[in-house]
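Q: Taken in order, these protein sequences are the chains called A and B.
0 is the number of the first residue of the first sequence in numbering that gives the first Met the number 0; add one for each residue after it.
0 is the number of the first residue of the second sequence in numbering that gives the first Met the number 0; add one for each residue after it.
Incorrect hints may appear among the rest.
To be verified - Residues from chain B shown here face chain A by an in silico Cβ test under 10 Å; the list is partial:
#, residue
1, LEU93
2, SER118
3, LEU120
Calculated directly from the structure, the hints in this document are not laboratory data.
We put the CB at the ideal spot given by N, CA and C, even for glycine.
There are 2 protein chains.
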Amino acid sequence: MYQLHYWPGIQGRGEFVRLALETAGAPYVDVARGPEDKGQGVPALMALLEDGPRPPFACPALVHGRRVIGQTAAILLYLGPRLKLVPAAVADRLWVHQLQLTIADAVTEAHDLHHPVGSSLYYEDQKPESLRRAQDFRRNRLPRFLGWFETVLARNPRNERAGVPRLVGARLSYADLSLFQLVDGLLYALPQATHRTLKKTPLVAALHTGVPQHERLAAYLASERRLPFNEEGIFRHYPELDG
Amino acid sequence: MYQLHYWPGIQGRGEFVRLALETAGAPYVDVARGPEDKGQGVPALMALLEDGPRPPFACPALVHGRRVIGQTAAILLYLGPRLKLVPAAVADRLWVHQLQLTIADAVTEAHDLHHPVGSSLYYEDQKPESLRRAQDFRRNRLPRFLGWFETVLARNPRNERAGVPRLVGARLSYADLSLFQLVDGLLYALPQATHRTLKKTPLVAALHTGVPQHERLAAYLASERRLPFNEEGIFRHYPELDG
Numbered sequence: 000m001y002q003l004h005y006w007p008g009i010q011g012r013g014e015f016v017r018l019a020l021e022t023a024g025a026p027y028v029d030v031a032r033g034p035e036d037k038g039q040g041v042p043a044l045m046a047l048l049e050d051g052p053r054p055p056f057a058c059p060a061l062v063h064g065r066r067v068i069g070q071t072a073a074i075l076l077y078l079g080p081r082l083k084l085v086p087a088a089v090a091d092r093l094w095v096h097q098l099q100l101t102i103a104d105a106v107t108e109a110h111d112l113h114h115p116v117g118s119s120l121y122y123e124d125q126k127p128e129s130l131r132r133a134q135d136f137r138r139n140r141l142p143r144f145l146g147w148f149e150t151v152l153a154r155n156p157r158n159e160r161a162g163v164p165r166l167v168g169a170r171l172s173y174a175d176l177s178l179f180q181l182v183d184g185l186l187y188a189l190p191q192a193t194h195r196t197l198k199k200t201p202l203v204a205a206l207h208t209g210v211p212q213h214e215r216l217a218a219y220l221a222s223e224r225r226l227p228f229n230e231e232g233i234f235r236h237y238p239e240l241d242g
Numbered sequence: 000m001y002q003l004h005y006w007p008g009i010q011g012r013g014e015f016v017r018l019a020l021e022t023a024g025a026p027y028v029d030v031a032r033g034p035e036d037k038g039q040g041v042p043a044l045m046a047l048l049e050d051g052p053r054p055p056f057a058c059p060a061l062v063h064g065r066r067v068i069g070q071t072a073a074i075l076l077y078l079g080p081r082l083k084l085v086p087a088a089v090a091d092r093l094w095v096h097q098l099q100l101t102i103a104d105a106v107t108e109a110h111d112l113h114h115p116v117g118s119s120l121y122y123e124d125q126k127p128e129s130l131r132r133a134q135d136f137r138r139n140r141l142p143r144f145l146g147w148f149e150t151v152l153a154r155n156p157r158n159e160r161a162g163v164p165r166l167v168g169a170r171l172s173y174a175d176l177s178l179f180q181l182v183d184g185l186l187y188a189l190p191q192a193t194h195r196t197l198k199k200t201p202l203v204a205a206l207h208t209g210v211p212q213h214e215r216l217a218a219y220l221a222s223e224r225r226l227p228f229n230e231e232g233i234f235r236h237y238p239e240l241d242g
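Full structure from sequences and hints, please.
A: What follows is the structure, encoded as structure tokens:
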């Protein structure tokens, strides 16, 4: 049984871990969404961040037996083989991890769109800075990130023309799930700019529409466990930042 | 023989890899600093980023035999056991990796101090935004990052009171080298704010002064291979951002 610790109310970075657990059908508790009188809820999350010999810097954190693991990409590195969401070869696993780290970089930039000055301030207090950063992101960074993933998909020799494109090998990996989530979030936050970019990255677009065909993932996405995107999370839709 | 690919002229993210290779005394070629007529220089770096079945998103990249690895933290994950810069236990290795990923997050924020709007613009074109971001960084993020590393050092049961503090176990790991580099860069970029914070994080300060006592590392730091910090790299000293 896995324990996932993440802030309730938003998908956030926890969602990348959730997608892997849900797709694999792995049993887990989403601790901070649970009842406090059963030792769950936000107090349990806060205790995890503060106590223990190796406290995570931030959420998400995964507890598995005696292990406490922070950092989204490290959690997925740990879970990948256990959930059968990576190929068997060591070199392939490191490549999947590299892809995940690059997705993490893109996620940070997507967050900083609305928080270019600092996380301690409200969006409303950094709006002029956000407008400038968003322009740079739409013009330069968004095409650069999705363009790179397009290249990775195009150069994966195991991709068949007919099926859903995969980033590594012929089977679904957690990097595919994470790229789906990145694109899904960007479509929510910046629909115009993202649709425009996806026209030039057809394999990324096909991955985004194809990945949710997975049965367990589809069931999760249709469930109440999948929170909607909102303006508290990483991907926020402020129309003035799109265009 | 390892090949390190990184932009010449700056320490940048390549320095985290260099410190590990140099401390271990591992043979490596710093490709982009080599002569073009021997197949090195920037053209070799550009080819690596563009060609091949699994092109890195950005530098640094490590080539080892047929392997091409991008993302600083993934490179160090790969090198750690080979350079004997991580403990033997799998759980410890994952913890060292987690520390490295958090250092990477801090490095990104240190970079964005002078580029809060976008990397495609000059600092001079985003100075008002930088002033605001730097204030938030000095007040909130810098104490938070170094405070967390202080906690990690204080809770490492293998640390002896007398010696140089270590983040994990009793021996030097690549995370120690990377934390040294982070603090060194912050002291260059924001000397006032960093000295002030280090007074409250004495173990981090002791790690920073103690780590360069390592003989091979000391020799590297005194060599011409160690480029000085400058205003082209990640850690830039703009006095108006300090205080």
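Q: Now look at each hint and say whether the structure bears it out.
A: Outcome of the hint check:
1. LEU93: holds, 6 Å
2. SER118: Check passed: Cβ of B:SER118 comes within 8 Å of chain A, closer than 10 Å.
3. LEU120: Interface hint status for B:LEU120: holds (7 Å vs cutoff 10 Å).
Hint compliance for this structure: no hint is broken.
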